[in-house]
Amino acid sequence: MYQERCEEARAEFRKKLALYRPSQVIYIDESGIDSNETYPYGWSKKGERFWGSRPGKKRERLSIIGALCEDKFFATMVYQGYCTANLIAAWLEQFLLPQLQPGQVILMDNAPFHNSRRIRELIELAGCELMYLPTYSPDLNPIEHWWHRVKTAIRKELPLQDFNVQKAADAAFQYL
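Counting in the working numbering, the sequence shown runs from -13 upward without gaps.
Do not take every clue at face value.
Capping the alpha-carbon separation at 30 Å, the derived lysine-lysine pairs in DSS-like fashion look like this [as the list claims (entries may be wrong)]: (1) LYS58 with LYS142; (2) LYS58 with LYS1; (3) LYS32 with LYS142; (4) LYS58 with LYS137; (5) LYS32 with LYS137; (6) LYS2 with LYS142.
Hint data in this document are derived by calculation from the structure and do not stem from the laboratory.
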């Protein structure tokens, strides 16, 4: 829990969100996993500490962006590297917005690259509403829980020495 979060803003957000049917709310987010991330647990003989190693340098980054509505994960896109406002705009145009109906609400966090005029324009042109989470409130976006499960599955499935973007993407989509 973040100390900086505002409980009043969170309460106001919940009130506003309650005005919509669950089928109207589209939660979006992106997540990434780096080649130097590993599953933080291991097995050893009883009484012995488990020691492992991992590289300090990142070699590759797999990122996935997707949407969630009523426990249905859709409009996924996998890419190498980090997210930008241009990438979000392209994803909206090519993947998400063609699947939405006017009147739906797209909910996202306050990441700097989400706050572009182009993103707002695209959403409004589709007849949808853009709504931001209150600051420091990722717990109010259910897609965050999906990302946690996906990243955990990838870390378990991919041994560090074998990490490559295609294998990680395959593992992620198999999990979804």
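Taking the hints in turn, this is what the structure says about them:
1. A C-alpha spacing of about 24 Å is found between LYS58 and LYS142, which places the hinted pair at or below 30 Å, so the restraint holds.
2. Straight-line distance between C-alpha atoms of LYS58 and LYS1 comes to about 23 Å, which keeps the hinted pair within the 30 Å bound.
3. The hinted pair formed by LYS32 and LYS142 meets the criterion: a straight-line CA distance of about 22 Å does not exceed 30 Å.
4. Between the alpha carbons of LYS58 and LYS137 the distance comes to roughly 18 Å, so the proposed pair stays at or under 30 Å and holds.
5. Proposed proximity of LYS32 and LYS137 is supported: the alpha carbons are some 28 Å apart, at most 30 Å.
6. Simply put, LYS2 and LYS142 have alpha-carbon atoms about 38 Å apart, too far for the 30 Å limit, and the pair is violated.
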